[in-house]
Each structure stands twice: as C-alpha cells, then as structure tokens.
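K.L.:
Sequence:
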Amino acid sequence: MAYGPYYYITDWKNEPSQETPINRTNLLKIENGIKEADNRIVQLDAKKAEQALVNTLVKEITLDTDTGILTVTQQNGTVTTYDLAIEKVVANFDINDDNELVLTLADGTQKVIDLTRFVYSVDSTSTIAMKILNRTITAEIVDGSVTMAKLDASIQMELRQYMLDAQAARDMSLQYQNNAKIFRDQTEVIANEAVTDIAAAGGRVDETLTEFNSLLMNGYFNGPMGPQGLQGNQGATGATGGQGPQGIQGIQGPRGPQGERGSDAVVTQTNGNYIFQIRDGHLYVIYPDSSSEPPPVHINEAGHFIVTF
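Here the sequence shown is numbered in UniProt numbering, starting from 1 and rising by one per residue.
These aren't lab readings, by the way, just hints derived from the structure by calculation.
The structure displayed is predicted, hence computed values, not measured ones.
C-beta atoms are modelled at their ideal positions from N, C-alpha and C, and glycine is treated no differently.
Treat each hint with caution, since some may be false.
What the hints assert, rightly or not - With a straight-line Cα cutoff of 27 Å, these simulated BS3-like cross-link-like pairs (lysine-lysine) come out:
no.: 1; residue 1: 150; residue 2: 131
no.: 2; residue 1: 150; residue 2: 181
no.: 3; residue 1: 48; residue 2: 59
no.: 4; residue 1: 47; residue 2: 13
no.: 5; residue 1: 131; residue 2: 111
no.: 6; residue 1: 35; residue 2: 47
no.: 7; residue 1: 47; residue 2: 59
no.: 8; residue 1: 13; residue 2: 29
Stated by the list, open to error - DEER-style ranges, computed between Cβ atoms:
no.: 9; residue 1: 117; residue 2: 55; range: 46 to 54 Å
no.: 10; residue 1: 19; residue 2: 73; range: 54 to 62 Å
no.: 11; residue 1: 115; residue 2: 147; range: 49 to 57 Å
no.: 12; residue 1: 102; residue 2: 52; range: 47 to 55 Å
no.: 13; residue 1: 140; residue 2: 106; range: 48 to 56 Å
no.: 14; residue 1: 132; residue 2: 84; range: 21 to 29 Å
no.: 15; residue 1: 104; residue 2: 144; range: 22 to 30 Å
All chains should be modelled from the sequences, with the hints used to inform the complete structure.
P.N.:
Okay, here's the thing in structure tokens:
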C-alpha cells in the first residue's frame with residue numbers, strides 16, 4: 001500500500017523563548033517519528049523484489065512495423081527478438097474459376113489452396129447406396145444385395161443347416177413321389193384284375209344260384225318221408241271241423257354227396273338250405289330267394305366264425 005506523510009517537523013525556538021520547550025511531549029513526538037520510519041523501512045525490505053527477479057523483467061519493447069520483428073529488452077540488458085511474420089498475414093482472398101481459394105498476403109505474395117481437399121465425395125456400390133441430403137450423408141443397404149459372406153458366422157452356419165435340411169426334405173419328397181407313382185401303378189393293375197375277377201365271379205355266382213334253386217325245387221336236399229303211423233278206429237262222422245294242426249315233420253334223410261369244388265371257390269351245403277362259398281378270400285352265404293332270412297352269422301372274440309340255426 002502507499003504510505004502517507006507521518007512526521008511533521010517542529011519549529012524550534014531559541015532561548016529565552018518558552019514556545020518549544022524540550023520536554024516529554026516533544027521528545028516522544030521525535031521518538032514516534034523515528035519508530036514509524038523504522039517500521040516502514042522493515043516493511044519495504046520485506047516487500048522489495050529480489051534483484052535476480054527484477055533483472056528478468058521487461059525494460060523496453062519495440063516493434064519494427066516494416067519487418068514485423070518485436071524486440072524485448074530486459075532489466076539486465078538481455079535483448080530478445082520475435083518475428084511476428086506480419087508480412088504473411090492474409091490481406092485479401094478470392095476464389096478463382098478452378099474452385100481454388102487464392103490468399104493474398106500482406107507482402108503481396110499469393111497462396112493457392114485447392115478447395116476439393118476439403119470436400120468429401122461418396123460413391124454408391126451394388127451393396128451400399130449413399131445419399132447426401134441437407135449436408136447429411138446417409139448410407140442404406142440395397143435390398144437383396146447382402147451375400148452370405150457378409151453375414152455373421154453363426155448366421156451362416158444356421159442358414160447352411162436350413163439349406164441341408166431343405167435338400168434332405170426335397171430328396172425324401174422325390175422318393176415319396178416315386179413310391180407313390182409305383183403304388184398307384186400297382187393299384188391300377190390290382191384294380192383292373194379285381195374288376196375282371198369280380199365280373200367272372202359274378203357270372204359263377206349266378207350259375208351257382210341257378211343250379212341251387214333248381215336242386216332245391218327238385219327236392220334234391222329233402223330226405224325220404226318218414227313212416228306213417230297206425231290208423232285208428234274210425235269214429236262216427238262228425239261235423240266238419242276246422243283244419244287241424246300240421247303234423248310233425250318226418251325224419252330228415254341222409255346228407256347228399258358234396259358237389260365238386262369249383263375252379264376258384266369252396267362250396268359247402270348245410271341244413272339243406274344254405275351254401276357257404278369261399279371266393280377271392282371272402283366267405284359268401286348263398287340261400288334261395290324263397291328263404292325268409294339268411295342265417296345269423298358272427299365272429300366271436302376267439303376269431304371263430306359262428307353260424308346259428
């Protein structure tokens with residue numbers, strides 16, 4: 001801080017004047033002035049700059065406006081120069097017809113800068129389509145352009161597995177198709193043979209039924225009549241009554257000889273009324289048109305064929 005004046009001198013008077021006596025008051029004033037001077041000297045010494053530091057302080061600065069050289073002189077006499085290169089300062093600039101930036105320096109020289117070095121261009125490929133809109137560059141993947149090589153290894157492995165599975169399924173489908181064609185051809189052959197067999201069997205059934213009805217009508221399956229009972233005494237002739245009940249059927253005659261086996265069937269006769277015939281792997285029951293109902297037949301749990309009369 002700045003110091004102000006502290007001590008003011010006393011206008012001492014010589015004897016015999018009594019205006020400025022040498023007494024305690026005036027002596028203390030002198031002492032206080034000396035003390036204040038001492039304090040200020042101590043403070044100045046404590047706050048003073050070191051000589052080594054002062055020597056590095058700038059004493060003088062000069063600038064040559066023609067060369068742009070700045071000269072700095074320190075307290076110890078050291079001189080340092082700095083070339084500010086103000087002659088290289090851009091005084092003007094322009095853009096020529098070749099899209100080049102022309103800088104005119106303070107010394108009149110020119111520096112040409114190719115502006116294309118600051119412009120970035122983008123090219124689209126078959127995979128990536130580049131776009132520039134409002135100074136924003138965007139890239140988009142072209143639909144259907146990503147190949148297997150661009151996919152992650154795990155995705156490639158999974159897709160290849162799908163391809164192998166699809167190929168295996170295709171091969172199996174082709175095999176099933178070939179098998180189905182073979183089965184269809186075999187089925188057509190079997191169906192044609194079955195139609196032929198059914199037509200032939202139908203003719204034989206008609207012949208068998210005709211022969212069976214003829215034998216039945218001629219009594220071929222009937223046994224001899226049983227013996228007649230004894231005639232009782234004739235009673236008185238009474239009034240004509242109603243018709244009495246039919247007599248008991250006579251004893252059935254012996255079974256006739258079995259006919260010869262047909263060319264493709266087995267025929268058997270039972271009870272004189274039915275014929276069982278095995279033909280084409282099927283069991284046929286043949287009975288006359290005059291019969292009321294066919295015999296009840298079924299297959300039991302043991303797999304036996306049961307005929308109930």
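K.L.:
Just to be sure I understand the hint, the distance between the Cβ atoms of residue 117 and residue 55 should be within 46 to 54 Å; is that true here?
P.N.:
holds, 50 Å
K.L.:
Would the hint linking residue 48 and residue 59 be met if the CA-CA limit is 27 Å?
P.N.:
Distance of about 18 Å is within 27 Å: holds.
K.L.:
Look at the Cβ atoms of residue 132 and residue 84 and judge whether their distance stays inside 21 to 29 Å.
P.N.:
Distance hint for residue 132, residue 84 is violated at roughly 42 Å.
K.L.:
Holds or violated: residue 47 and residue 13, Cα atoms, limit 27 Å.
P.N.:
Distance of about 40 Å is beyond 27 Å: violated.
K.L.:
For the pair supplied as a hint, residue 131 and residue 111, is the alpha-carbon distance within the 27 Å limit?
P.N.:
Since the Cα atoms of residue 131 and residue 111 sit roughly 34 Å apart, the hinted pair is violated (cutoff 27 Å).
K.L.:
Going straight from one Cα to the other, do residue 13 and residue 29 come out at no more than 27 Å?
P.N.:
Distance ~16 Å between residue 13 and residue 29 Cα, so the pair holds.
K.L.:
Does residue 150 pair with residue 131 here, judged by a C-alpha cut-off of 27 Å?
P.N.:
Satisfied, since the Cα-Cα distance of roughly 22 Å is no more than 27 Å.
K.L.:
Sort out whether residue 47 lies within 27 Å of residue 35, counting only the CA atoms.
P.N.:
holds, 19 Å
K.L.:
For the hint 48 to 56 Å, verify it against the beta carbon of residue 140 and that of residue 106.
P.N.:
Given a distance of about 49 Å, which is inside 48 to 56 Å, the answer is holds.
K.L.:
Looking only at beta-carbon atoms, does the pair residue 102, residue 52 fall within the given range of 47 to 55 Å?
P.N.:
This hint holds: roughly 52 Å between Cβ atoms.
K.L.:
Please work out if residue 150 and residue 181 have their alpha carbons no farther apart than 27 Å.
P.N.:
violated, 43 Å
K.L.:
Is 49 to 57 Å a correct range for the gap between the Cβ atoms of residue 115 and residue 147?
P.N.:
Hint violated: Cβ distance 38 Å, outside 49 to 57 Å.
Hints 2, 4, 5, 11, 14 and 15 from the list above are not met by this structure, while the remaining hints are.
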